[in-house]
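Number of protein chains: 2
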Amino acid sequence: MDEASERTGGREITAGLVVIGDEVLSGRTKDQNIGHIAERLTVEGIDLREVRVVADVEADIVAAVNALRARFTYVFTTGGIGPTHDDITADAVARAFGVGIDVDPRARAMLLDYIAETELNEARLRMARIPHGASLVVNAVSKAPGFRIGNVIVMAGVPRIMQAMLEAVLPELEKGRPMLSRSVTAHAKEGDIAGPLAAIARRFPDAVIGSYPFRDEAGRFGTNLVVRARDEAVLEAAHAAVAAMVAQMSPAA
Amino acid sequence: MDEASERTGGREITAGLVVIGDEVLSGRTKDQNIGHIAERLTVEGIDLREVRVVADVEADIVAAVNALRARFTYVFTTGGIGPTHDDITADAVARAFGVGIDVDPRARAMLLDYIAETELNEARLRMARIPHGASLVVNAVSKAPGFRIGNVIVMAGVPRIMQAMLEAVLPELEKGRPMLSRSVTAHAKEGDIAGPLAAIARRFPDAVIGSYPFRDEAGRFGTNLVVRARDEAVLEAAHAAVAAMVAQMSPAA
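Going down the list, the sequences are from chains V and Z.
Position one of the first sequence corresponds to residue 159 (the working numbering), numbered consecutively onward.
Position one of the second sequence corresponds to residue 159 (the working numbering), numbered consecutively onward.
Source of the hints: derived by calculation from the structure; they are not laboratory data.
Even glycine gets a Cβ: it sits at the ideal position worked out from N, Cα and C.
Worth double-checking, as some hints may not be accurate.
Claimed, not checked - Far from chain V, by Cβ distances over 12 Å, these chain Z residues were calculated:
| no. | residue |
| --- | --- |
| 1 | V261 |
| 2 | D262 |
| 3 | P263 |
| 4 | A267 |
| 5 | D271 |
| 6 | L328 |
| 7 | L331 |
| 8 | R335 |
| 9 | A359 |
| 10 | D374 |
| 11 | A391 |
| 12 | V392 |
| 13 | A401 |
Claimed, not checked - Chain Z side only, calculated, beta carbon under 7 Å to chain V, not exhaustive:
| no. | residue |
| --- | --- |
| 14 | D180 |
| 15 | L206 |
| 16 | G349 |
As the list claims (entries may be wrong) - Chain Z is faced by these chain V residues, among others (derived, beta-carbon under 7 Å):
| no. | residue |
| --- | --- |
| 17 | D180 |
| 18 | A196 |
| 19 | E197 |
| 20 | G203 |
| 21 | L206 |
| 22 | V212 |
| 23 | P241 |
| 24 | H345 |
| 25 | A346 |
| 26 | S369 |
Go ahead and model the full structure; you've got the sequences and the hints to work with.
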């Protein structure tokens, strides 16, 4: 048992993500947070298992947070913690946990670190409303903090701020054994590889083998094969089997 | 009542989207389909209300499809309909509907329109497996079809193919009254606008007003305000109120 799995008792550390915002569902804003969070969590050994994108509607946010926090080690949320009327994430998360919410003196102090007291109007003070019992997540970019309550971590939607919050909170989280991966590029069509690949997948039940077809600039078909496993020996054996299969199918010209 | 709302009895036409694929959850592939589908549906008057990204796990796909098809007019899925062992969407959707699944002669004929019979191996034939009772969705790019069963529309994950399938199926779908939108750029911080903006939002309950802060190249703060409404008169009145508020806050120098 390696250090990470010993630390976590060998169990997998999982996560769900709730992306909050009408602007993503209307197509006005192209989400950049899912990809970033997926990549960072994978590196850290936290398996992102499900993402939900929901509207700025309290009942929808509550339902998504409650569904995912019951299933996964952690739930991250992005969006809806700014100063405007449509920023309702903090209230929705308080509702999901059945706790109250008020202006938090620690969060207020963080805001005053960035703006003058005269600028701290009622709208900006909304950004200091934190559910009872939550700890704060530092925002190195623009101070208004995120927060963590139970296993739910609430972050901003602006990518640069979200990324800073994610880096601030990651050191506090349990990590699993990271998923390792190796890939092989086959200059062959996916449909010609699929049969032998399925046989390899059956031989290595502890590896996950993904197949991603592409066409190169010259219009030739190819397939990227990605082998993933937590155990390095399993990874190497499955990768070798895939590489040998590919070499057999596309011999050097 | 305009033509579209007459056609639909005035009811809103809604949609959910299930993005299927380990590669999105691991961060290996950055999803490009959510943004495209969101934008196209919005233009067509179909409200995308929720997106779920799930892994290549049958139980997860079944749960997501069944949860969303009960709530929305339509459910779209992307991904998992290729020839490899990890392409399990068609089977999962058949399971969700409790129907059988077999190689469909119509789908098989479509494949043979693109590849020679000698190339139609067992793996490629998987792409012709269609749940009983489904109609096919034409794939103008690489022939292997998507399908529609009940209110669920199953599409490929490769963006170019997904887009062709979406265009093929959209003419068959009911459309609602499209959401109209107008935006105003304020050269002011979101926190200074939030108070008056909330008052305008209260005055126009049939409009949705979103607020999106940005910093320009020179590092100056600004806020894009987007007013959305189905009724043109409501849109114009709410937009005028927002524009007047912005003009008052940032008078011409």
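Tell me the numbers of any earlier hints that the structure contravenes, in ascending order.
9, 20, 24, 25
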